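Asker: Spelled out, the chains give:
Number of protein chains: 2
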Amino acid sequence: MKSLQEKIIKDGNVLSDQVLKVDSFLNHQIDPKLMKEIGEEFASRFTNDKITKILTIESSGIAPSVMAGLVLGVPVVFARKRKSLTLTQDLYTADVYSFTKQETNPIAVSKSFITNEDRLLIIDDFLANGQAALGLLDIAEQAGASVAGIGIVIEKAFQDGGNLLREKNVRVESLARVQSLENGKVTFAEGALV
Amino acid sequence: MKSLQEKIIKDGNVLSDQVLKVDSFLNHQIDPKLMKEIGEEFASRFTNDKITKILTIESSGIAPSVMAGLVLGVPVVFARKRKSLTLTQDLYTADVYSFTKQETNPIAVSKSFITNEDRLLIIDDFLANGQAALGLLDIAEQAGASVAGIGIVIEKAFQDGGNLLREKNVRVESLARVQSLENGKVTFAEGALV
Numbered sequence: 001m002k003s004l005q006e007k008i009i010k011d012g013n014v015l016s017d018q019v020l021k022v023d024s025f026l027n028h029q030i031d032p033k034l035m036k037e038i039g040e041e042f043a044s045r046f047t048n049d050k051i052t053k054i055l056t057i058e059s060s061g062i063a064p065s066v067m068a069g070l071v072l073g074v075p076v077v078f079a080r081k082r083k084s085l086t087l088t089q090d091l092y093t094a095d096v097y098s099f100t101k102q103e104t105n106p107i108a109v110s111k112s113f114i115t116n117e118d119r120l121l122i123i124d125d126f127l128a129n130g131q132a133a134l135g136l137l138d139i140a141e142q143a144g145a146s147v148a149g150i151g152i153v154i155e156k157a158f159q160d161g162g163n164l165l166r167e168k169n170v171r172v173e174s175l176a177r178v179q180s181l182e183n184g185k186v187t188f189a190e191g192a193l194v
Numbered sequence: 001m002k003s004l005q006e007k008i009i010k011d012g013n014v015l016s017d018q019v020l021k022v023d024s025f026l027n028h029q030i031d032p033k034l035m036k037e038i039g040e041e042f043a044s045r046f047t048n049d050k051i052t053k054i055l056t057i058e059s060s061g062i063a064p065s066v067m068a069g070l071v072l073g074v075p076v077v078f079a080r081k082r083k084s085l086t087l088t089q090d091l092y093t094a095d096v097y098s099f100t101k102q103e104t105n106p107i108a109v110s111k112s113f114i115t116n117e118d119r120l121l122i123i124d125d126f127l128a129n130g131q132a133a134l135g136l137l138d139i140a141e142q143a144g145a146s147v148a149g150i151g152i153v154i155e156k157a158f159q160d161g162g163n164l165l166r167e168k169n170v171r172v173e174s175l176a177r178v179q180s181l182e183n184g185k186v187t188f189a190e191g192a193l194v
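Each protein sequence line maps, in turn, to chains F and P.
Be aware that the first sequence starts at 1, since it is given in the working numbering, and climbs by one per residue.
Be aware that the second sequence starts at 1, since it is given in the working numbering, and climbs by one per residue.
By construction, these hints were calculated from the structure, which means they are not laboratory data.
Hints should not be assumed to be uniformly reliable.
What the hints assert, rightly or not - In silico DSSO-like links for lysine-lysine, alpha-carbon gap of 30 angstroms or less:
#1 Lys81(P) <-> Lys21(F)
#2 Lys111(P) <-> Lys168(P)
#3 Lys50(P) <-> Lys101(P)
#4 Lys111(P) <-> Lys83(F)
#5 Lys36(P) <-> Lys2(F)
#6 Lys81(P) <-> Lys36(F)
#7 Lys111(P) <-> Lys36(F)
#8 Lys50(P) <-> Lys33(P)
#9 Lys21(P) <-> Lys81(F)
#10 Lys2(P) <-> Lys36(F)
#11 Lys101(P) <-> Lys111(F)
The structure presented is a predicted model; accordingly, all values stated were derived computationally and were not measured.
The task is simple: from the sequences and hints, build the whole structure.
Answerer: Dropping the structure here:
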């Protein structure tokens, strides 16, 4: 997605070979117009997939998901990150390991909002090691829902998550695939789109 | 706002005289079409206020804020809730007391994203005791930004927050003001809009 690539080049911040900071338009400050374009792009890629609901995770997945949900005409459910879980009988839960923080934390979705009749589009802002996406897939499976695919705003293609998901035959649609952050420079796997 | 009142009556869940659960369209599952209407309503109420940025708080403030930001043509910044803060030199922080959880937790916004040239619209999903709104006002003040007002999706008018803010001469625009939840029934302060 060209406008996204351009935004990453212009406003993304390469902190190391591993870390791309995009908190000026996606993770902390949000660019609503870009979110609308991102939502429309996700919607167009899954327009024929009979999506009934979007499943995402707080907080940075919410903005692109709501914009996609608006176009597809479906509700959005966001999984909550918890530090610990006590009452779980009404929740689907999954453990998500964070390589950055080196800790495992649960995520949770109320059982009221996903059923075995749902066909889900899972959306997240980043795909790196794929742990959050695997947690959301786990929750979908517990609910007996089918998953049409996963929409990712920015995939770090040099990390394992994309392969992990595609090896499971999960359809992954990443709007920008970053191949490398070496030498402080963003290189896209799909090349520079024109 | 009539469509919001209708949604609250139809899908809100009165758990007690104090607690209105709206997690089927605002807090956990999100109705994107309603969020768009809410965003448009906020934008229209602040259209002449020269807003430069919207400040909200994760997670449930994000969806209405992004929709308002889209119409007003301004970025959204969401404060992050933290369990504890270590590195704070690049952050504006404030403590927010939760009456529900009976604990105080910090919220934080990067200093990069709010300046003394900003004119802010603060948006949140709920106004009850006003502690989150006061925390956001505190952060705005630290940044030297001016605040045009606070947009609230649902105000629990029988709790203190609204008065607390209005006594400080802060403009508060609540799209639905719940006067009472007694007898399992939602009564609006503004009456039933027709």
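Asker: The structure should be examined with respect to each hint, and the outcome stated for every one.
Answerer: Hint check results:
no.: 1; hint: Lys81(P) <-> Lys21(F); verdict: holds, 19 angstroms
no.: 2; hint: Lys111(P) <-> Lys168(P); verdict: holds, 25 angstroms
no.: 3; hint: Lys50(P) <-> Lys101(P); verdict: violated, 37 angstroms
no.: 4; hint: Lys111(P) <-> Lys83(F); verdict: holds, 26 angstroms
no.: 5; hint: Lys36(P) <-> Lys2(F); verdict: holds, 25 angstroms
no.: 6; hint: Lys81(P) <-> Lys36(F); verdict: holds, 25 angstroms
no.: 7; hint: Lys111(P) <-> Lys36(F); verdict: holds, 26 angstroms
no.: 8; hint: Lys50(P) <-> Lys33(P); verdict: holds, 26 angstroms
no.: 9; hint: Lys21(P) <-> Lys81(F); verdict: holds, 19 angstroms
no.: 10; hint: Lys2(P) <-> Lys36(F); verdict: holds, 25 angstroms
no.: 11; hint: Lys101(P) <-> Lys111(F); verdict: holds, 23 angstroms
Hint 3 from the earlier list is the only one contradicted by this structure; the remaining hints agree with it.
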